[in-house]
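Got chain A sorted already, so can you dock chain B onto it with the hints?
Number of protein chains: 2
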Amino acid sequence: MKYYAGIDLGGTNIAGAIVDENNKILVSKSVKTKSERGFVPIADDIASLILQMVKEANLSLEEIQSVGVGSPGAINMETGIVYFAGNLKWENANLGEYLTNKLNKKVYVANDANCAALGEFLAMEEGKNYKSMAMITIGTGVGFGLILDNKVYSGATYGGTEYGHAMLVMDGEDCTCGRKGCIEAYASFSALLRDANRFVDANPQSYLAEIRNANGELTGKDLFDSAIKGEEDAVKIIDRFLEYIGTAIVSLTNLLDPEVIIIGGGISPAKDYFLPKLKSYVDNNRFCKQVASPEILVATLGNDAGIIGAARLAEH
Amino acid sequence: MKYYAGIDLGGTNIAGAIVDENNKILVSKSVKTKSERGFVPIADDIASLILQMVKEANLSLEEIQSVGVGSPGAINMETGIVYFAGNLKWENANLGEYLTNKLNKKVYVANDANCAALGEFLAMEEGKNYKSMAMITIGTGVGFGLILDNKVYSGATYGGTEYGHAMLVMDGEDCTCGRKGCIEAYASFSALLRDANRFVDANPQSYLAEIRNANGELTGKDLFDSAIKGEEDAVKIIDRFLEYIGTAIVSLTNLLDPEVIIIGGGISPAKDYFLPKLKSYVDNNRFCKQVASPEILVATLGNDAGIIGAARLAEH
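These protein sequence lines map, in sequence, to chains A and B.
Taking the numbering used here, the leading residue of the first sequence gets 1204, the next gets one more, and so forth.
Taking the numbering used here, the leading residue of the second sequence gets 1204, the next gets one more, and so forth.
The following block holds chain A by itself, in its conformation from the complex (with noise of 0.2 Å):
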């Protein structure tokens, strides 16, 4: 059996495993990432973490096959440089090296988008030969990975795979890029919310007012559920979000046209609501009807996906 060691940096917390060579999770553990430490601090909790999860796992360091580490923001994948990441506020981090030097053991460093892409894609391919796929996460932002033939794409200078800041309504709305109209400042939970709660200071009577009044917030969930429960208004303000995803999905297909297209996030609980109907949008909306669309699938892994896909990025 090989073992991997991945971490998933995040801005609230750095999570990690040992994960075997059927992806399946031995050991993992947490620590609070406290961004505001910097550098340096983050980078050692990250290496006693993962010499404390192989310890747990009663492996040695020798016998862990690669260790991977997946962050946000554009990243070298080649040299483990971190170019920046806005979470973390971090330029220029050499985190790969750090990681290497200290661990005495090359350490793979990615996208955390593109690691948890990566993750679904070895979760989903036993059984299936895809070659390509891209996922999409529809969280408080949007991620995207993608994986063509058989690896992870990250474009010629590793900027690329920014999807969520490709183009859906030139001058539109604010994005957190400082641009207006990407696809995340309209197929996001955030541009969600923003969208429900304009909606509600609209119709202070409504349904979705009523439930803002009693829980002084609206969620995403609150807006799916009421959807599924039929509720009208949310009706037509998730069909409409869906919409913007159906958008995004077709563009992606017209353009790259991949095997297939998984997504991710916070939405992936509602699939029974949404799944067919971005299925059909983008059967209805693609430029090529004559070739079968992409299959669409909900990813199945949650946050152990951005582990994974870091653990076995030495391969991939």
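Simulated from the structure, these hints should not be mistaken for lab results.
Treat the hints with caution; some may be incorrect.
Where chains are identical, the list cannot tell them apart; a pair therefore holds if satisfied intra-copy or between any two copies.
[Claimed, not checked] The calculated lysine-lysine pairs, modelled on DSS-like cross-linking and capped at a C-alpha distance of 30 Å, are:
| # | residue 1 | residue 2 |
| --- | --- | --- |
| 1 | LYS1292 | LYS1482 |
| 2 | LYS1492 | LYS1309 |
| 3 | LYS1235 | LYS1492 |
| 4 | LYS1292 | LYS1309 |
| 5 | LYS1235 | LYS1424 |
| 6 | LYS1439 | LYS1480 |
| 7 | LYS1308 | LYS1354 |
| 8 | LYS1292 | LYS1492 |
| 9 | LYS1492 | LYS1237 |
| 10 | LYS1258 | LYS1205 |
| 11 | LYS1480 | LYS1383 |
| 12 | LYS1383 | LYS1474 |
| 13 | LYS1383 | LYS1309 |
| 14 | LYS1482 | LYS1383 |
| 15 | LYS1227 | LYS1305 |
| 16 | LYS1354 | LYS1292 |
| 17 | LYS1292 | LYS1383 |
Below, chain B alone, put in the same frame as chain A:
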């Protein structure tokens, strides 16, 4: 010396050439497509044209390294089936097999925009070691071709690389594909002329109105020439047009981060005007500013690109 035969099948002309391994054209010929004739007479004319050109080059078909055809539409590069080509009104036309049988020699078929991209890629590659390139052709529509890892990329089901039909302004201007807001509905010459004619309709005393009145219509060249001369209204219209193209390039860079982006088509002659503007737009608007932007170049082969790319399909 190795020799290749390439055909660029268009809605108006079937153009072909015999080229050598340095992409030098030895013989070139063309005949009218007369697309209303349907599949068989057109395919027969392609076969005849190839045989005539081979003869004029004082070669035999056996001496030709490979034969390729660039066709409009979505094409399965493995089988040579044209799934559909709107211009030609073909559906599931088995062009590859028909020509292979007719000539008794394997004939490769690919999308014309992909062939043009490959032709430009080969022309550019001399002396440079690029591995990835996207070509955006700004003409009546918006064509697109993609080279990844030295190969023509066309997606899992050969339905891909129709980037002209990725979204730019959701619910925006009507597109030829039946949807609204695609890149082609903003970044093509048809779109530019639509916008310019709207401006003239609303401003009948303007300089551009004078040109339209004098010539009966406006052309893309009129608009670029006027903008180059500094005529204010034309500058505004062209600058907005370049923002549409620039935004399409930014989205593509954020997603795929290719090494080079080549701009081809009718816009090419105005390169001194548009290239600096496009480059600075991309530098200022791309998501990841920590790494170098893709090189943006203007196509150099003109109409020969598709023929040369088709001729070299077998190798890429």
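Here is how each hint holds up against the structure:
no.	hint	in the structure
1	LYS1292 - LYS1482	between (38 Å within a copy, 28 Å between copies)
2	LYS1492 - LYS1309	between (46 Å within a copy, 28 Å between copies)
3	LYS1235 - LYS1492	between (48 Å within a copy, 29 Å between copies)
4	LYS1292 - LYS1309	within (25 Å within a copy, 56 Å between copies)
5	LYS1235 - LYS1424	within (26 Å within a copy, 60 Å between copies)
6	LYS1439 - LYS1480	within (13 Å within a copy, 41 Å between copies)
7	LYS1308 - LYS1354	within (22 Å within a copy, 35 Å between copies)
8	LYS1292 - LYS1492	between (44 Å within a copy, 15 Å between copies)
9	LYS1492 - LYS1237	between (49 Å within a copy, 26 Å between copies)
10	LYS1258 - LYS1205	within (16 Å within a copy, 62 Å between copies)
11	LYS1480 - LYS1383	both (27 Å within a copy, 20 Å between copies)
12	LYS1383 - LYS1474	both (29 Å within a copy, 27 Å between copies)
13	LYS1383 - LYS1309	neither (40 Å within a copy, 49 Å between copies)
14	LYS1482 - LYS1383	both (27 Å within a copy, 19 Å between copies)
15	LYS1227 - LYS1305	within (26 Å within a copy, 56 Å between copies)
16	LYS1354 - LYS1292	within (28 Å within a copy, 38 Å between copies)
17	LYS1292 - LYS1383	within (22 Å within a copy, 39 Å between copies)
Checked against the numbered hints given earlier, this structure breaks only hint 13.
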